[in-house]
Amino acid sequence: GSSNGSGGSSAEGGTQAAAESDWEDVSAKGEMTIGMTLFAPMNYYDENNNFVGFDTELAQAVGEKLGIDINFVEINWDSKEIELNSKNIDCIWNGMCSTAERQETMTLSAPYLYNTQAMVMKADREDEIMSSVDGLTVTAEKGSTGEGKLQGTIADDDTVEVSAMEYFANSNYVASDSMAKALMEVKAGTADVALVDSVAAYGMVGPDTDYSDMVINVDNNFGLQEYVIGFRKGSDLEQHVSDAIDELYADGTVAQLAEKYNLSDLLIENDAQAATEAPEAATGDTAAEAATAAAE
Amino acid sequence: MLGANPIESLTSGFLLNLELFAVTLLLALPLGLIITFCSMSRFKPLKWITKVFIWVIRGTPLMLQLFVVLYAPGLLFGIPMSSRFTAAVIAFVINYAAYFSEIYRGGIESISVGQYEAGKVLGMTRSQIFFKVVLLQVVKRIVPPMSNEIITLTKDTALARVIGIGEIIMSAERFTKMGLIWPLFSTALYFLVFVGVLSLLFGWVEKKMDYFRV
Amino acid sequence: MLGANPIESLTSGFLLNLELFAVTLLLALPLGLIITFCSMSRFKPLKWITKVFIWVIRGTPLMLQLFVVLYAPGLLFGIPMSSRFTAAVIAFVINYAAYFSEIYRGGIESISVGQYEAGKVLGMTRSQIFFKVVLLQVVKRIVPPMSNEIITLTKDTALARVIGIGEIIMSAERFTKMGLIWPLFSTALYFLVFVGVLSLLFGWVEKKMDYFRV
Amino acid sequence: MAILEVNNLKKNFGNLEVLKGIDFSLEKGESLAMIGASGSGKTTLLRCLNFLERPTSGQIRVNEKVVFDGADARTLSEAEIRKNRLHFGLVFQSFNLFPQYTVLKNCTLAKELMAKERPDFKTNKKQILDEIKTEGEAVLASVGLQEKMDYYPHQLSGGQQQRVAIARALMLQPDILCFDEPTSALDPELTGEVLKVIRGLADKKTTMVIVTHEMQFARDVSDKVLFLDKGMVAEYGSPEQVFEHPKEERTRQFLERYFEQ
Amino acid sequence: MAILEVNNLKKNFGNLEVLKGIDFSLEKGESLAMIGASGSGKTTLLRCLNFLERPTSGQIRVNEKVVFDGADARTLSEAEIRKNRLHFGLVFQSFNLFPQYTVLKNCTLAKELMAKERPDFKTNKKQILDEIKTEGEAVLASVGLQEKMDYYPHQLSGGQQQRVAIARALMLQPDILCFDEPTSALDPELTGEVLKVIRGLADKKTTMVIVTHEMQFARDVSDKVLFLDKGMVAEYGSPEQVFEHPKEERTRQFLERYFEQ
Ligand SMILES: Nc1ncnc2c1ncn2[C@@H]1O[C@H](COP(=O)(O)OP(=O)(O)OP(=O)(O)O)[C@@H](O)[C@H]1O
Ligand SMILES: Nc1ncnc2c1ncn2[C@@H]1O[C@H](COP(=O)(O)OP(=O)(O)OP(=O)(O)O)[C@@H](O)[C@H]1O
Ligand SMILES: [Mg+2]
Ligand SMILES: [Mg+2]
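Chains as they are written, first to last, in the numbering used here: chain A, 18 to 313; chain B, 213 to 426; chain C, 213 to 426; chain D, 1438 to 1698; chain E, 1438 to 1698.
Please keep in mind that the hints were generated in silico from the structure rather than gathered at the bench.
Glycine included, each C-beta is placed from N, C-alpha and C at the ideal position.
Some clues are possibly wrong.
[What the hints assert, rightly or not] Calculated from the model, a selection of chain D residues having no Cβ within reach of chain C, i.e. all distances over 10 Å: (1) 1442; (2) 1536; (3) 1547; (4) 1572; (5) 1670; (6) 1677; (7) 1678.
[Stated by the list, open to error] Straight-line C-alpha distance at most 35 Å; calculated DSBU-like pairs for lysine-lysine: (8) D:1563 - C:419; (9) C:332 - D:1562; (10) C:332 - D:1563; (11) E:1465 - E:1570; (12) E:1520 - B:259; (13) B:344 - E:1447; (14) B:332 - E:1502; (15) E:1570 - B:419; (16) E:1684 - E:1542; (17) B:344 - E:1559; (18) E:1447 - E:1684; (19) C:367 - C:419; (20) D:1570 - C:420; (21) D:1684 - D:1542; (22) B:256 - B:332; (23) C:344 - D:1684; (24) E:1667 - E:1502; (25) E:1559 - B:420; (26) A:277 - A:139; (27) E:1553 - B:420.
Can you build the whole structure from these sequences, using the hints too?
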């Protein structure tokens, strides 16, 4: 089903992709290509230069269940949709938030982790900035959830306590090339505050880094997002991956991984249980606190 | 901004490219001349500092220079860049002034010493010789390499996106995110048309100066 | 938290730049010559098609060409590029071959017709004239513009990051994400050193050919 | 027996008739001086003889053998032309030495390339190349340049360069050696040495066609003088005839301009 | 009364002594032909007179006024040099016309620039410029180029270009007009017209210093001949003296080379 309303060649590409079976392609090749960017704790290299991370290990476990190899490729995050459509990758699995737009343009898996938006700023200006952001410059990665929230292209849902668009209504917005650049902007002073994924932020800002003079503030609950896996629109691959994930939930692997990466509090239970448990977990306060706890 | 017509959005993105293009030219053309004079100076230290400066600028990617100009003031001195467009302009102007200066130098050095001497024996002053005799001949000589460089500048303006200038390719990528792919590829047309116009313009200038031979 | 040693990581990133640089040169140098012959062909349609091709390649940003090569096969024909390094190589080779071809053409056209005629009246064949008489003179003439272009290629390899080639600047950005800023700026040194080495090399080649004058 | 016969040779560039039917012949050992105003077609005629231009019509015979016939397709083929061209040698106004080769190599290159086509080249390679080298040295000595053998062209004066060009042409032992204003690109002081070499060739009975503006030299060195005017042979005869008793008014006018100073 | 007096003029380039103490003088209206082998220092001497090279020592006097004195700092200043330079005009071997200006503008440019410094320029602008233009036309007519006034240099033949260069130098009415091999860059056919113009100037008693390799011309046109040998005046006298009865052996040898052809 191509309800994405895109025109021209992309529509044809989409239709074509859906017409064939991605699963057949992938199983024939014996390999699934996952597009990602490097960031802790989802996909990164550890001290020993091993490629690890929650998403990394979960994807590898899925690969084992499906009997296929997993091929991770580092992509330009700006190009992820076109990477999918041009079949250079089979899915995006990299702590990607579910948004209305992505629901339109991709087939998404069930959500597996919660995420929140965090404000990152210089520690010595935290009080000043938290008291008012009027007239200040806020940055976010272009195309990110943070940008969507700031610009109102991602509508606020009922998990939102503070509307980012209203909160930053009197601030100047600038887009950054990447999340890393967003933090660099704050460090360099070209922006006063960055609005970024809290999960990623905790992976970047810490005592041993050049950002040790910066703090992550999650006092404002700008809403709760869900991490999902993105597939080509209409792809049958989603079903197979989701089935494998269900099994991994069932045998406890998912919980173990969440434990390992300190993400247990953000973990979304899988479909059957989620039906009853998710709404409870999804109250903003707990999730935001959980995010803080998870990273510390 | 979303929901805007892609053509409108691309066009307004390209206007940013053009603005960067124009401001860079306006400032780099004279700055390049100053750098040329420094690099040809008889005062050795100035000459060498200029040569090293040109070497560093020509030896590193413009992309990095953009990062340095935008971030270094804040990182090193705690004085952040006030605007990223300014940062882009500074990086582009420095980069292109270095390239232009080498072209100018080549042009000036290619003028035969006989032209200067002819001016001298006719009692002209140094500045009369430069402005009345040499300048136009230099201009004629540098038009071809300058047109190449200026056409490269057109395309390089797309690099400004790495510091978040919402130029045409960045504008196009917003549509890519919405699943609309053609805007990205159609940016090529904007560049082709503009480069085409520039080529015609430079061809016309070259023709204008065909009335004499150097 | 930090993984590999930044120096190691930058170095292995730069090896990718160098690989792309070397493969591009290896393929674009001969391809450029073929394009030159096409653009100088007496068969008009071939000549014009080649000219348009060169115009399009020179009129659009390399960044866009990278996107087109990587994505167009998958988008249009459903056959994705097998490797993004291959895609980068294809885009770079096409782009640089077009530029090289124009330099070659300039070099060939600058050889005086007298050299060909001298070969002819001495009973040489066309290929003898090309290889024994003209070639080295052309090489001598194109060394300066080619060195410029090749130095530009060095820096352009950094552009490959836009299609996710983990070259040095992309490697450096991994550290930026982990909160380590200096690697990004220190990439400049890699470029400066390599460009410095290239400049010395080309200087040496120019000197080697100083034994004769064209 | 005429070594060179040119019959009714015509050459047009587009609509411009440059040669309008040239007839002349040359005996073996004779040297012909060709004079005429700028644009009269002297260079074009030499270029036709050397197959650098294809005549529009007419015939060229060398040793009674037709080397060019506007009406015979065979003499027009690339391969035939390459062969027939070797009957002629040409020394250019602007020397056209090969800048990347030494003086000696400039002289031997063409002969070496030809030798490579000989069947016995592989086996006798060293001997053949040595012979060519010795020959090159000899011919350079004959123009007084044995000491400059290992120099590159740009290291020589114009006069020396032109003498190398003459040696290079002599190496292939052409039946007829052609010169197109061999001294006009030289400083006046340097023309003497080149003219001396050409005079030496004349003394050795080399068959030559010399286009020149040096009237005094033309008169001294040539056996025949051909005055070309607007693409036609206006006057042809011995130097005495042409210089002392020109039949045509236009020859007289032309010569006056040179001798008035 | 000597219009030009050169006393013990020396010029070194680093360790190379090019002029080793030149003495000569020239009367108003005389023309001096300077001859000598390549490298003997003729060009250097002319360039010293025109302040394109600064002599190492010695004196130059024009009309009894010292315009250069190696021992007097005043005559070495930039401003003085610019003023004194105007006593001399120089016609270069390679013309050095300004390619971007018409023939007329080439002649008038320098004078126009000087006129701008006159206090009355603003008020009488049009009249002054018209006068200069008329003057330019007249001087061009005097070299036979009134019809080429609006051409650009590259549209002219070499001989015509050199005549423009002469006209350009004449515009500033120098006391002494210098020529450095004015015809050596020209086709032989075109030298005549330039030599004719110079001869015309001699007839009009223009004071001139002419470096030339055209011995015949030097002999005909000059009142004095100076033979420069290795940076020294080897022979100086009337043309008859120098050409017919040279005192020095080296003069004889030098002349022989020219007249042997
Ligand atoms: N390739 C060409 N195409 C068109 N016209 C040509 C070409 N070559 C020569 N001509 C014309 O042919 C005529 C004769 O030229 P040519 O060079 O033979 O004269 P020339 O007698 O050698 O003159 P000069 O003494 O100046 O060398 C001239 O009008 C010239 O413009
Ligand atoms: N700028 C310079 N620096 C060093 N040496 C020079 C310079 N100009 C001339 N010379 C040397 O001075 C000597 C005289 O040169 P000059 O040009 O005056 O000779 P010339 O008599 O004009 O010769 P020609 O007849 O070849 O023009 C030569 O040995 C020359 O190499
Ligand atoms: Mg000719
Ligand atoms: Mg001289």
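Now the hints, each set against the structure:
no., hint, verdict
1, 1442, "holds (20 Å)"
2, 1536, "violated (5 Å)"
3, 1547, "violated (4 Å)"
4, 1572, "holds (15 Å)"
5, 1670, "holds (24 Å)"
6, 1677, "holds (33 Å)"
7, 1678, "holds (31 Å)"
8, D:1563 - C:419, "holds (32 Å)"
9, C:332 - D:1562, "holds (24 Å)"
10, C:332 - D:1563, "holds (26 Å)"
11, E:1465 - E:1570, "holds (28 Å)"
12, E:1520 - B:259, "holds (32 Å)"
13, B:344 - E:1447, "holds (34 Å)"
14, B:332 - E:1502, "holds (21 Å)"
15, E:1570 - B:419, "holds (28 Å)"
16, E:1684 - E:1542, "violated (47 Å)"
17, B:344 - E:1559, "holds (20 Å)"
18, E:1447 - E:1684, "holds (24 Å)"
19, C:367 - C:419, "holds (25 Å)"
20, D:1570 - C:420, "holds (25 Å)"
21, D:1684 - D:1542, "violated (47 Å)"
22, B:256 - B:332, "holds (26 Å)"
23, C:344 - D:1684, "violated (49 Å)"
24, E:1667 - E:1502, "holds (29 Å)"
25, E:1559 - B:420, "holds (31 Å)"
26, A:277 - A:139, "holds (30 Å)"
27, E:1553 - B:420, "holds (28 Å)"
Checked against the numbered hints listed earlier, the structure breaks hints 2, 3, 16, 21 and 23; every other hint is satisfied.
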